[in-house]
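Protein sequences appear in the order of chains Z and A. Under UniProt numbering, the first sequence has 355 at position 355, and the numbering climbs by one with no breaks. Under UniProt numbering, the second sequence has 245 at position 245, and the numbering climbs by one with no breaks.
Think of the hints as simulated: they come from the structure by calculation, not from any bench. Do not take every clue at face value.
No copy is singled out in the list; a pair is fine if it fits within one copy or between any two copies.
Below are the DSBU-like pairs computed for lysine-lysine, each with C-alpha atoms no more than 35 Å apart in a straight line [to be verified]:
| hint | residue 1 | residue 2 |
| --- | --- | --- |
| 1 | K395 | K630 |
| 2 | K35 | K630 |
| 3 | K630 | K510 |
| 4 | K611 | K288 |
| 5 | K510 | K49 |
| 6 | K418 | K630 |
In this text the structure is predicted, and so the values were computed from the model without any measurement.
Here is how the chains run, residue by residue.
Protein chains: 2
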Amino acid sequence: MAQQRRVQLCTQRPTSTVCVLGTELSLDIQGSAPKDAIAFHVQGTPGVKVYVVHETQSVKLPSSVTRWPLATGTEVLLTMEAISKDVGDEKVRISYFGEASGVPVGRAMLYLTCVEVSLDADTGRSGSVSRTLVDKATWTWGPDGHGAILLVNCDRDDPKSRLMGDGGEPKSQLTDNRDTTVCSYEDLKDMSQMVLRTRGPRTIFTGHGLVLHVGFSDADKVGVFYGGNSVALEEYKHVLGGEKLAYAVKPSQHQEESIFYVEGLAFPDAGFSGLVAFHVTLLESPEKGLLETPIFTDTVVFRVAPWIMTPNTLAPLEVFVCSVEDNEDFVAAVSALAEEAKCPVTICPLPENRNDRWIQGPDFGYVAQETPENTSSLDSFGNLEVSPPVTVRSKEYPLGRILIGSSFPRFGGRRMAKAVRNFLAAQRVQAPVELFSDWLQVGHVDEFLSFIPAPDRKGFRLLLASPSACYQLLREKQEMGYGEATMFHGLHGVPKLSINEILGNEALRKFNAYAQSCISWNRDILKRELGLAEQDIIDIPQLFQADDQARAMAYFPDMVNMLVLGRHLGIPKPFGPLVAGQCCLEERVRALLQPLGLSCTFINDFFSYHKLAGEVHCGTNVRRKPFAFKWWRMVP
Amino acid sequence: MAQQRRVQLCTQRPTSTVCVLGTELSLDIQGSAPKDAIAFHVQGTPGVKVYVVHETQSVKLPSSVTRWPLATGTEVLLTMEAISKDVGDEKVRISYFGEASGVPVGRAMLYLTCVEVSLDADTGRSGSVSRTLVDKATWTWGPDGHGAILLVNCDRDDPKSRLMGDGGEPKSQLTDNRDTTVCSYEDLKDMSQMVLRTRGPRTIFTGHGLVLHVGFSDADKVGVFYGGNSVALEEYKHVLGGEKLAYAVKPSQHQEESIFYVEGLAFPDAGFSGLVAFHVTLLESPEKGLLETPIFTDTVVFRVAPWIMTPNTLAPLEVFVCSVEDNEDFVAAVSALAEEAKCPVTICPLPENRNDRWIQGPDFGYVAQETPENTSSLDSFGNLEVSPPVTVRSKEYPLGRILIGSSFPRFGGRRMAKAVRNFLAAQRVQAPVELFSDWLQVGHVDEFLSFIPAPDRKGFRLLLASPSACYQLLREKQEMGYGEATMFHGLHGVPKLSINEILGNEALRKFNAYAQSCISWNRDILKRELGLAEQDIIDIPQLFQADDQARAMAYFPDMVNMLVLGRHLGIPKPFGPLVAGQCCLEERVRALLQPLGLSCTFINDFFSYHKLAGEVHCGTNVRRKPFAFKWWRMVP
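Produce the complete structure using the sequences and hints provided.
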């Protein structure tokens, strides 16, 4: 429905007004009628389309009817289809008639100027801004959806900020969305274009106000920059966002097409849907001393792109590992694996990681420029995983689902901070699943699950740590006569335990039955929430032991806590019982995973990570190829 | 899909577990298989339904196949349909076979107890709690929707709190949702029932934990009370909500059916969708010293009822007016009108209103117990109106739409507080429309619009204050020879202005043209957002004048600021020019409204309200009959 504007007429003096292309004017015929008028005649110049709505029928003029009764239901509507060359170059005349027909009892003249005012963005998601017929004020999901996209400008494109100070620290810690300058053309490229088009006699735009504005609720979510006719970086000024709710577009500076650059400042969150509306309003200045009144508003809506996690099934682009005082061999092993996977490695040096080896830790998101600042002080990212794409009872999750660990609500149970959980849910595109991880000492989901690529079925397998699979394997080896085979070979100072000793430890058996029941509970949730069948799951032999609070820790290096680089897996070396010179745990894992075309490399992280309650996955991070699937094409 | 639970088996010793009615057990056949097993046979007692899922086909046992290959894809699923009389009264036996058939190489026994555990609410919206087949964990809108309802318990049912102190102030200012006691049976009636049903051998419930719990994010939105088997008020304890996230249901106290009472503490708002989930979880205690593990969870979701406004078209039940020092006549006139409308009047006495005559002011919501405390300090409710039910381009708003006044975003423009706007939008059922009211000195939407009931069309008319209709009327009277007729008759000390003087005042004319353009802008918005036609709108003659900041004030009492009691209208007496002894403004308004069956009473509020920048509507409030339409039947 076209925007419609009511226009008052007057028989004493002519009225002048603007008609914005694509809108309708509704004339107040009754309001200007002289006392004795009972009918009217309406006539326009060729550039004006005149309709009389009479008894719910819309009649286009000229019609055979020349005089219309002045009844309550009768309306006169105008539209214009060509932009005026001069102010007031089209007109409409209303003649009023009394009982005695013949000479009109009054006349109202309306001078019209047609202009174009349009605020546009890439609502068609084609990569370019063009005028469109879709409803720019709405935003819809899905393959047939429409509506423009905005990025949160949370990287650092300022060339100066990349320089290190004397102590090696970055000179500026501010990401681009926290300043109000355009620091480089790279910075500008992270912003979306919003184009204000105005056409028509220039004097209209000097006589009328033209204001770009944003609602109070949205203003702290966006920044808008404008460089006028210049392309020089220093000419780009911050004109809207934060405290700035309105920007008066100056007619002297304004051309027929003005390009504004819009950046997002914040990801969707509790209380912020991600939608931001911008408006341009044409204002009439009726008299000096009076306030201006709006006569036309155009609105365009953007959605801030969500924060998206990348599952293990996406190709690796870069591996990150921290170099600390005692992990040289580990760094070398990870680097060798990455080389096999043809994936570059970035070693985060000691001064930058401050001797923190846990690169799945809270600082990483900030370094990787993918996480908003408000999550960085909260829980660790080992407790935040994402599944590959899944379909669950015909509901598609083309970007997978986020998995977070939580406690069962007993008193004092730990949980992921509410702010983080709200944040994750607000992204909408990877609807989080809450798992039960509080039975573990560290309490992270990556201690009992991982995803690996697979050539068949859904394209992946879920790996679950399995105490019962481990007991089954050890019993099998015992039955085969290897009961005296021992674990932890080659590890200095670690007692060498035999299969018989492990199987004979009743406390260990009971604790692992308990650990198994906790994992089984998660298995049930994962099957339900990811739509998995038993064949999509592989049980990886693993034992747990109790800490002094009966919380679980890995008994030997936790194999599911692995690094996945395409088909190359970097698995914590379990140091299992040697059967015929072979570690029977490694042998079993190879037997389970190699048929899927995967290559298993067992990495010794025993002293450098395992003994500090983490493993390979906790000590590395991977930047992956983004999804080919565009998030706006899904329906959350 | 039935909830499924993975159960580990063991060939060394029998396993015992619970099967909750309506759920499925998935047996880990592979996990307990002896080394050489290649096939298995499964057999259950008559109370257990056994299915073998083999090559994606589900076969119910007994079948002609007696031995199944021990392949990765083969699953055994169990269900039970009758509650057990004794612990372990049903069983399933798995026999494993090697290459050489004949004697099994191992056997796993599973002893089963079937119990019922169910958390129910009035998900069918029938007024009673019953077990249901609908998905209790989801909540859907619309005539075919399902899901239970919760009220915000924001009234005061404590008999003690109604007592006044010596100074006349209430003894307790706390509403019922701000305490953690059940103060009366009336209080209990404001709560929704949530029923926990458990059936099965009682020893199961002494050996297992049973916990009622609520998520951390929801806990501050609800309060749950439980009285055990007692009906005595003092036995009701606050068991869940606020800091209390979990309540361990004691088996000694717990019967087969326990009734919990749930109250809402907060209306939907930014960051609170209104949905609250409660869970009951059955816990297995595997060994002393180990934590319990969940084996079954049932969830029921409530939606907190939204805050709903009642439009003028709903029948009045009670009129409120404040008695202050100088408004005796006004109170008498309002009382007389209410008597005509057969509607009781409550006169709020001086000590209680603290000499505040503006009952549409911030305190009223609190007094009327309909507004959350956090809005009471914010904008006035004259700036908050609601339309009657409308349909807009086939989208139905069966409870109407809220109308709020706002500024056009120029610097320093006033606006309704963000918190209030977020709150109103979060209710979802009366999607707010933002109007432009900042051109007015007081800035309230009730200064230029009102709704009245009508027998035809949409059941109502929108009344808009109209300077142009007023000028037209005055010119008409001038042309008829009444140019010397004067306004403000009978008002002591007020200059008597003639029609000629008014029409000759060029500054007044220009200002009213401006006021008209502001109202026209709102008219366009209202037509678009409420789906109105011109015939749904009546222009009420009105003039405005500028204050020293060029903001509009009513030039004579603002007639649209009326009190609507069914077909009885209490309209501010305009004191218009007397034409043939009649006020021509009153005459015109009667001519416009009486054909709709409405009775117009003009109430003199000139000195008591109008001169203080308000009118009849601002000085009264009406409790109306709630909508017959149930809000959950709409689709927002």
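Are the CA atoms of K510 and K49 at most 35 Å apart within a copy, between copies, both, or neither? between (86 Å within a copy, 30 Å between copies)
Measure nothing new, just compare the shortest in-copy and cross-copy C-alpha distances for K35 and K630 to 35 Å and report within, between, both or neither. Cα proximity of K35 and K630: none, with 64 Å in one copy and 48 Å across.
Regarding K395 and K630, is the shortest C-alpha distance of 35 Å or less found within a copy, between copies, in both, or in neither? both (17 Å within a copy, 30 Å between copies)
If the cut is 35 Å between Cα atoms, do K418 and K630 qualify within a copy, between copies, both or neither? Intra 28 Å, inter 33 Å, cutoff 35 Å: intra and inter.
Quick one: K611 to K288, C-alpha cut-off 35 Å, is that within a copy, between copies, both, or neither? This pair counts as between: shortest inter-copy Cα distance 27 Å, intra-copy 79 Å.
Identical-chain pair category, K630 with K510, by Cα at 35 Å: neither (47 Å within a copy, 55 Å between copies)
The structure shown violates the earlier hints numbered 2, 3.
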